[in-house]
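Student: Here is what each chain is made of, one letter per residue.
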Amino acid sequence: MFKALRARLFQKYRTNKFPDAAPKLPEHFRGRPEFDKSAVDAEAWKSAAEVCPTEAINAQTPAIDLGKCIFCGKCAKANPAIRFSSEYRMGCMKRENLICNGSLPYTPDEQFDAGIKALFGKSLHIRQVSAGGCAACELDFNVLNTLAWDMGRFGLKVVASPRHADAVLVTGPVTNNMRLALKKTYDAIGEPKLVIACGACAISGGIYQTSEKASCGVEDIMKVDLYVPGCPPHPATLLEALVRFMGRKQLDNRA
Amino acid sequence: MDFLSFKNCESVALANIPVLDFADFRDTLKDLINCKNCRVSVFTVHGGKLYAVLLDPAKHCFKAGATAVGASYPALTNDIPGVHWFEREIFEQCNVIPENHPWLKPIRFENSDKPGVTDYFTMQGNAVHEVAVGPVHAGVIEPGHFRFQCMGEDVYNLEIELGYQHRGVEKMLVDSPAKLRNHLVETTAGDSSIAYALAYDGVISALAETPRPDLTERARILRTLALELERIANHVGDIGALAGDVAFLTTSAYCGRIRGDFLNMTAQLCGNRFGRNYVTYDGVEFDLPNHKLAAFRDWFERTVEDFKNAWLIMSDDPGALDRFEGTGTVPNEVMREIGAVGVAARAAGVDLDVRRDLTGIGVYDKLVWKCALKKSGDVIARAKTRRLEIRESIRMVRALLTWLESSNSPVSNNATAPEQFKADSLAVCAVEAWRGEVACAVFTGKAGNMERCKLVDPSFHNWFALALALRGEQISNFPICNKSFNLSYCGHDL
Numbered sequence: 001m002f003k004a005l006r007a008r009l010f011q012k013y014r015t016n017k018f019p020d021a022a023p024k025l026p027e028h029f030r031g032r033p034e035f036d037k038s039a040v041d042a043e044a045w046k047s048a049a050e051v052c053p054t055e056a057i058n059a060q061t062p063a064i065d066l067g068k069c070i071f072c073g074k075c076a077k078a079n080p081a082i083r084f085s086s087e088y089r090m091g092c093m094k095r096e097n098l099i100c101n102g103s104l105p106y107t108p109d110e111q112f113d114a115g116i117k118a119l120f121g122k123s124l125h126i127r128q129v130s131a132g133g134c135a136a137c138e139l140d141f142n143v144l145n146t147l148a149w150d151m152g153r154f155g156l157k158v159v160a161s162p163r164h165a166d167a168v169l170v171t172g173p174v175t176n177n178m179r180l181a182l183k184k185t186y187d188a189i190g191e192p193k194l195v196i197a198c199g200a201c202a203i204s205g206g207i208y209q210t211s212e213k214a215s216c217g218v219e220d221i222m223k224v225d226l227y228v229p230g231c232p233p234h235p236a237t238l239l240e241a242l243v244r245f246m247g248r249k250q251l252d253n254r255a
Numbered sequence: 001m002d003f004l005s006f007k008n009c010e011s012v013a014l015a016n017i018p019v020l021d022f023a024d025f026r027d028t029l030k031d032l033i034n035c036k037n038c039r040v041s042v043f044t045v046h047g048g049k050l051y052a053v054l055l056d057p058a059k060h061c062f063k064a065g066a067t068a069v070g071a072s073y074p075a076l077t078n079d080i081p082g083v084h085w086f087e088r089e090i091f092e093q094c095n096v097i098p099e100n101h102p103w104l105k106p107i108r109f110e111n112s113d114k115p116g117v118t119d120y121f122t123m124q125g126n127a128v129h130e131v132a133v134g135p136v137h138a139g140v141i142e143p144g145h146f147r148f149q150c151m152g153e154d155v156y157n158l159e160i161e162l163g164y165q166h167r168g169v170e171k172m173l174v175d176s177p178a179k180l181r182n183h184l185v186e187t188t189a190g191d192s193s194i195a196y197a198l199a200y201d202g203v204i205s206a207l208a209e210t211p212r213p214d215l216t217e218r219a220r221i222l223r224t225l226a227l228e229l230e231r232i233a234n235h236v237g238d239i240g241a242l243a244g245d246v247a248f249l250t251t252s253a254y255c256g257r258i259r260g261d262f263l264n265m266t267a268q269l270c271g272n273r274f275g276r277n278y279v280t281y282d283g284v285e286f287d288l289p290n291h292k293l294a295a296f297r298d299w300f301e302r303t304v305e306d307f308k309n310a311w312l313i314m315s316d317d318p319g320a321l322d323r324f325e326g327t328g329t330v331p332n333e334v335m336r337e338i339g340a341v342g343v344a345a346r347a348a349g350v351d352l353d354v355r356r357d358l359t360g361i362g363v364y365d366k367l368v369w370k371c372a373l374k375k376s377g378d379v380i381a382r383a384k385t386r387r388l389e390i391r392e393s394i395r396m397v398r399a400l401l402t403w404l405e406s407s408n409s410p411v412s413n414n415a416t417a418p419e420q421f422k423a424d425s426l427a428v429c430a431v432e433a434w435r436g437e438v439a440c441a442v443f444t445g446k447a448g449n450m451e452r453c454k455l456v457d458p459s460f461h462n463w464f465a466l467a468l469a470l471r472g473e474q475i476s477n478f479p480i481c482n483k484s485f486n487l488s489y490c491g492h493d494l
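Protein sequence lines, in the order shown, are assigned to chains A and B.
Quick note on the numbering used here: the first sequence kicks off at 1 and runs consecutively.
Quick note on the numbering used here: the second sequence kicks off at 1 and runs consecutively.
It cannot be assumed that every hint is accurate.
Result set (DSBU-like, lysine-lysine): computed pairs, CA atoms no more than 30 Å apart in a straight line [stated by the list, open to error]:
{"hint": "1", "chain 1": "A", "residue 1": "Lys77", "chain 2": "B", "residue 2": "Lys308"}
{"hint": "2", "chain 1": "A", "residue 1": "Lys184", "chain 2": "A", "residue 2": "Lys94"}
{"hint": "3", "chain 1": "A", "residue 1": "Lys17", "chain 2": "A", "residue 2": "Lys157"}
{"hint": "4", "chain 1": "B", "residue 1": "Lys308", "chain 2": "A", "residue 2": "Lys17"}
{"hint": "5", "chain 1": "A", "residue 1": "Lys12", "chain 2": "B", "residue 2": "Lys422"}
Please keep in mind that the hints were generated in silico from the structure rather than gathered at the bench.
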């Protein structure tokens, strides 16, 4: 026991200060893209759309679909007008709000649904289902459970049984082989229930949108209540989106 | 006739790979694997021929041979158990039947609309019962189906059926434009992105018509650094997960956080915690400039101290050790026979490590390090092998950071990735990822196009070892056995 106590003194209290302080993001972090729409260089946008591996760029508008974007940064090299900012707050409650028009600062979606706020504002129990993909989204969702992020502080909890869950958090494009299992898990959750699509695959199929063995995300099968972009989403992006989704206070702490 | 020898990250013309008659092929293969210590890296049917690419650790090279096969051929599994999973894959993926295979059924349910519905090994008897788990498990984890045949608490047999994560990576690689391929490869197993990126890079640089100029010194150092950080982060996470499964919560909690710190170091290199897009054809995407090295090193050393402390409180705790020692043992002979790789194999004394056995990847030949090896093949051996590997990787990272200080080269050699490849060729590249050997093989066609890309995850070799580890165990020991292997579902399912 004394060894454990000594270790505790050595390791110290290390839960990060989120949401009271901005999360520490790495220098090369790629958050919400930023671009000037007033001076559009059509050629540069065309080449940006060409290099995009997931067809996330509409060169006409121009706009970037964060639901498809994997934040590889290739477009920014093809078109210097595009810059990936350190704005990590990218979760949206409406699919159309994921279409990024490049303006910053921007105001993230607010939770207006009084029902969700009343029922889940203080506690949201999540059943995660991995439906294809590469497991990175799952790993970084798991990270929210470690003491570095400690999502339990916000009433967020992972549960094993769908019967205990308020929401299902889906990762991956939904492979043909997982479609039935995902459907059954969803059906086992009692009403009212919510669906969270985590990562580019779950939102749009992402890298796998042309796969014959998978759908193009969760929306092919069920209505989605929260979209969290990224490949995978940074833990800060995911946690901030979940907390905002619950209708807790807006966090204005852009890094 | 002998198999053709070639190096890691080297291409060979398909015409130069000897085509043996079947009996000769089988005998050569048996001799190389059972007597000469070679291991199967890639084993597949392509263009009417069965290709075997073996890794010869003594000669530091691959050995390839082929034999013509039609719609079927006599299965080799009965003579060489290490290919049994490969032959099931051939049956499913290439539509060629290995006759008399002892347990021929799909491994990924690629062509079936009923995943997991198949024959299972069963037991009869009054007190016998079956436990079926998955595909959705009680945690944040990937899907798989596990069937235990039990009598009371004791597991007599465990059968593992996967394929739920199958999204057709290999086929997509061939069909997709080049701009998507890197991303597909990196997400084969999201926790081994650097290893996969390096394996793919090794193959395409070998197949480029104009040879790629040598990578710069700094690029090679940084690539090695990223691969070792990936290894440390995952091993630390696994040790924490093992502690969590025996309810040793202090170590579990600290390791969870410390793993994140190591991932954040990878993010410091490239902006992404999993090292996405870091490995580029011309080197690496970002430099770690010299003026930032001191802060990086300081951060690294502090995190290393945190980890040592977290490990020490568990490493001599009788309660934890009691659960780990003698649990889930897979002995050396069995690991060898089934062709297991990586940490799991080394924990049973199988002395294999691609970083030492092959050249061509990273700067391992310039570093002083030892291959981690344990003998007992149980959970504690796998935990301690991870601990030893972390220690060796820490030594390597220190040396690499020092080396960076004196290296003045840029990180890019300004090469552009080839659109076309050498025609009718094969290139293979193996990388020691944190789980074990990741292999990537590309067959090109007449027009220099990519005709087939074969990816072999270490988990592909090792899932069967986990099944064997459970024989005679209590079913309640499944979680720690599983965590001690920590195999990839998506890497296997592709």
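Student: For each hint, tell me whether it holds in the structure or not.
Tutor: Outcome of the hint check:
1. Restraint check for Lys77 of chain A and Lys308 of chain B: the C-alpha separation of about 41 Å exceeds 30 Å, so the hint is violated.
2. A C-alpha spacing of about 25 Å is found between Lys184 of chain A and Lys94 of chain A, which places the hinted pair at or below 30 Å, so the restraint holds.
3. A distance of roughly 19 Å separates the Cα atoms of Lys17 of chain A and Lys157 of chain A; the hinted pair therefore holds under the 30 Å criterion.
4. A C-alpha spacing of about 25 Å is found between Lys308 of chain B and Lys17 of chain A, which places the hinted pair at or below 30 Å, so the restraint holds.
5. Between the alpha carbons of Lys12 of chain A and Lys422 of chain B the distance comes to roughly 57 Å, so the proposed pair goes past 30 Å and is violated.
Violated hints, in rising order: 1, 5; the structure is consistent with all others.
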